[in-house]
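In case you want the letters, here they are:
Protein chains: 2
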Amino acid sequence: MRIANRWRTHHCAQLRAADVGKNVRLCGWVDRRRDHGGLVFVDLRDREGVSQIVFHPEEHPETAEIGKALHAEDLVQVEGQVARRPEGTENSGLATGEIELVAHSVRLLGSCPPLPFPLDAVVENEELRLGFRFLDLRRRKMLENLQLRHRISRAVREYLDAQGFLEVETPILSKSTPEGARDFLVPSRLIPGSFYALPQAPQQYKQLLMVAGIERYYQIARCFRDEDLRADRQPEFTQVDLEASFVEPEDIQFWVEGMLRKIFRDVLDVDLTLPFRRMSYREAMDRYGSDKPDLRFGIDLYDVGEIFRESDLKVFRAVLDRGGVVKAVNGKGLAHIAASELTGLEDLARSLGGKGLAYVRVESSGWKSPIGKFLTAGQRDALARTLGATEGDLLLFAADQWDLACEILGRVRLRLADLSGERKGNTEWKFLWVTDFPLLAYDREEGHWTSMHHPFTRPHAEDLPLLDEGRYGELRALAYDIVLNGTELGGGSIRIHEADLQQKIFSVLGIDAETQEQRFGHLLKAFRYGAPPHGGVALGLDRLVMLLAGAESIRDVIAFPKNRHGMDPLTGSPSRVEAKQLRELKITTGRGDA
Amino acid sequence: MRIANRWRTHHCAQLRAADVGKNVRLCGWVDRRRDHGGLVFVDLRDREGVSQIVFHPEEHPETAEIGKALHAEDLVQVEGQVARRPEGTENSGLATGEIELVAHSVRLLGSCPPLPFPLDAVVENEELRLGFRFLDLRRRKMLENLQLRHRISRAVREYLDAQGFLEVETPILSKSTPEGARDFLVPSRLIPGSFYALPQAPQQYKQLLMVAGIERYYQIARCFRDEDLRADRQPEFTQVDLEASFVEPEDIQFWVEGMLRKIFRDVLDVDLTLPFRRMSYREAMDRYGSDKPDLRFGIDLYDVGEIFRESDLKVFRAVLDRGGVVKAVNGKGLAHIAASELTGLEDLARSLGGKGLAYVRVESSGWKSPIGKFLTAGQRDALARTLGATEGDLLLFAADQWDLACEILGRVRLRLADLSGERKGNTEWKFLWVTDFPLLAYDREEGHWTSMHHPFTRPHAEDLPLLDEGRYGELRALAYDIVLNGTELGGGSIRIHEADLQQKIFSVLGIDAETQEQRFGHLLKAFRYGAPPHGGVALGLDRLVMLLAGAESIRDVIAFPKNRHGMDPLTGSPSRVEAKQLRELKITTGRGDA
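Chains as they are written, first to last, in this note's numbering: chain A, 850 to 1443; chain B, 850 to 1443.
These are computed hints drawn from the structure, not numbers from a lab. Any given hint could turn out to be false.
A pair holds if it fits inside one copy or across any two, identical chains being indistinguishable in the list.
Keeping only pairs whose Cα atoms sit at most 16 angstroms apart, straight-line, the calculated EDC-like set for lysine to aspartate or glutamate is [stated by the list, open to error]: (1) 1181 - 1271; (2) 1429 - 1076; (3) 1374 - 985; (4) 871 - 947; (5) 917 - 897.
Starting from the given sequences, assemble the full structure and let the hints guide the process.
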């Protein structure tokens, strides 16, 4: 690594006891300055680390004067001699802890005014941090996050390169196909009235690459979605995108597992056990009430409908009669949580659209529960057996349509894990593939079928007859999500590669033939020229880096993120532009001409 | 590399004599089908290569029937037994040339209609090629271009990683600073009337990263310029972008040279000799009439003003009296080129704004030249000595202001090299650093000073007094271009890192204080917080790949390029969008509301 030139001879983490006596030159920022025993000490910091500089007022009075006046984050060039630190003052926690640099001369390369916020403490005001991102990124943790991101990207590339994947850059100036999220648009100047769209994903391009015979493609790709920004969303984000031909789900899963194993080994020195567990969507919902279950803890959901079907609890029986289910979960040892906590769980259930939660506190004196009196001793025994309930447990019940009951208890499950301390601070890494998602879901509000993943997802071959029978809700997709500790890292599917099947799916989704041709004509055309079977996956890089960095927000692993209004407080982007620019694009804004 | 699954057991370049007797399954496209001696032969192609399939009508009649009906680019799955090719029919030019696959069964995975153009011949109609890019990319050469691009990117990353450069992703949704080329704009929906701009380069972000202490940054970055498209321009392109702190030009040049050496070694197995030659802008213009001279051949330019100053050639003397120059070049052995060729050179000179060219054909009978009669024998001898002219040479003269005379003869020089056969097909790799560009150039049309590189370029320290004296044209920049065989691969500079110097330069460029703050406030702010000295460089990846691939156009090294109208004929991008999309963005287009 080339360092030495006229600016400096070493970086700030380079000097050792063996260098004692050498005349050297360092450049760096004042990390800390302290006066002690008539001397001035400065911790000088660059990207690599810290060296202690000592200023001797008697030997180098002018230099010491400058040293005394230094402030945090002043940038200086220091020349001097490497000396061994006096015995007892070594710092074994520092690479350069045995030595210090006795300053002979110092030059202020750039002074720094008082800092808008401290760099060595947590700062809650993120707007301020983003407005001074060039300072915020000087924090050691932020630098480490960017370094971690780089190492993860490198591990991804090394693994996929070795597996014969070809990195191909696909266009950012792309075509609007408003199926998924909202597109960002780019007005064309050369063809007024026309727009490029920024890609939500390179989905169609990578499928075209498969038709082109590329066979194994990847890209660490920038993607864009013009959505209202929630806590952890960014208008632009990065995904590890890959696609391969002549493959089955197992092949894609093999590659993702190998890639993640390499990342964890290279970056965290953690050895992952492969293959990861697989679970169908149905089982994940049934057992954990989530399509991205956190498996760092148990707390299973049970179907207890059969027990309640014979009980006197009419509200539950009514649900069962309408085709619903009764599901239950056991909060081990949580019988004595506060009433307010129980109310919170009930509110949670209602906020999701449920009617509430039934509960049982299993106490030494017996069941304390509003529903106890509707149950026979035999029914209570059956429930206790099914749920493995013993004294001190808290049982919670949801009666509703299957998907809603699952969802409610899935969320309750996470809260119970918080209460029992099994979630926060749990440093296990629990990976899981969730498979066999439904292909289509009926959108009651919009009154039509929508794709659970996207319209290019392939149904199970044996479910294809259901398509002709109009039993759309029963079609299973050859789709798979990769989940880590309850977070969806990414997902993918085997794709449709036949024009006629693709058109059939478009039609079910309510896209008429003309619109199909307008938006997807290129793909349908390609599918008619010997298109290979293919599939792929995409993983969110920002989220993966965040999890590995132990960061609180994806904004902490992105160099220049946008805030919740899609703005960059540092550059002031987006901004007004010159009238001339809009004239050239032949567009006008709503402002002023309303 | 994982290949085997239910689709295939091997790829099409994998089988060898050692596999004879094995039952295997291949997938691929029909590259060629021919009937010979009652058998049907198919060259089956996948990304890795080709295997010969043979269909035996007698042993597998049904399979052979399908084989007989196969067309070019049909996609098939073939099962059969590996056999040794009959003696005398081996193909030593093919990895699988010793074997063939005897087809037991075949499955048509996707049939292909008649091709819109042949895949094994040059197709001039690029619009058609782009419209069927998924077929066009199936050509072996196009695949090789994409593979080469990948290997170049990989070499870049490996080198820069090893040199301690940190890969950082900077925003695509960026801020409009309309200094350089025209920006692509992206309307913001959340802040109506505001626009993001797509970055022309990550210039300001990488400078902010230097202020943040990242010290060594790189990115293989997508950049965007909304310019009228010339032959070899794309609205989006990729550059290898890097920046480092505490550096001098030599450091950046060291890294670029090391990177290029690694690329050439890894990709072409060519060993470059380092360091590359360096030449000032002044010398490059003086000697070769270009700031990106092609050094694969000589043909120097000479200043012959002193000789003409004493001559009777009044038009030349008038130019000299006005402060101009007379420059000359010797086309060795080209005395006998056609008159039409000479006319062409004169037209070239005039098209650049010159008044024409004077010429001398040095023949056995003496000088044949319209200007001969104005020269004494001594002047002729002096010219011949200076230009090394001997019988059979063609001497060409331009008299004009220095820069124009240089430019004209620089272009003439290239044409002479074409005529003498020293240019086309010359397979040398001649690298060159051109340094010390003028910092500023006066734009006569616009009536103000402009940056030769960009406004962040640092002037030579010893030239700084000229800035205060208003002698802007004399300022030299700490800028450097890297040139290969007459093509500019990239360029860079040491940057300004002081707010006051940056503001001074902005002012010289005619950017008033308010506009400075609006557009560059973030950079000026950052420069006040201990900004380190820094510099960097950017190399055009598309052009580099094109040169190494020996491709004719950058469109041949980009998977999905735009055509000359900024359009993708395959997807039809840019396109009209739905009225709802524009309403959400609160913009209207000129169409229909004029």
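Subject >> Violated constraints from the hint list, given by number and in increasing order >> reply: 5
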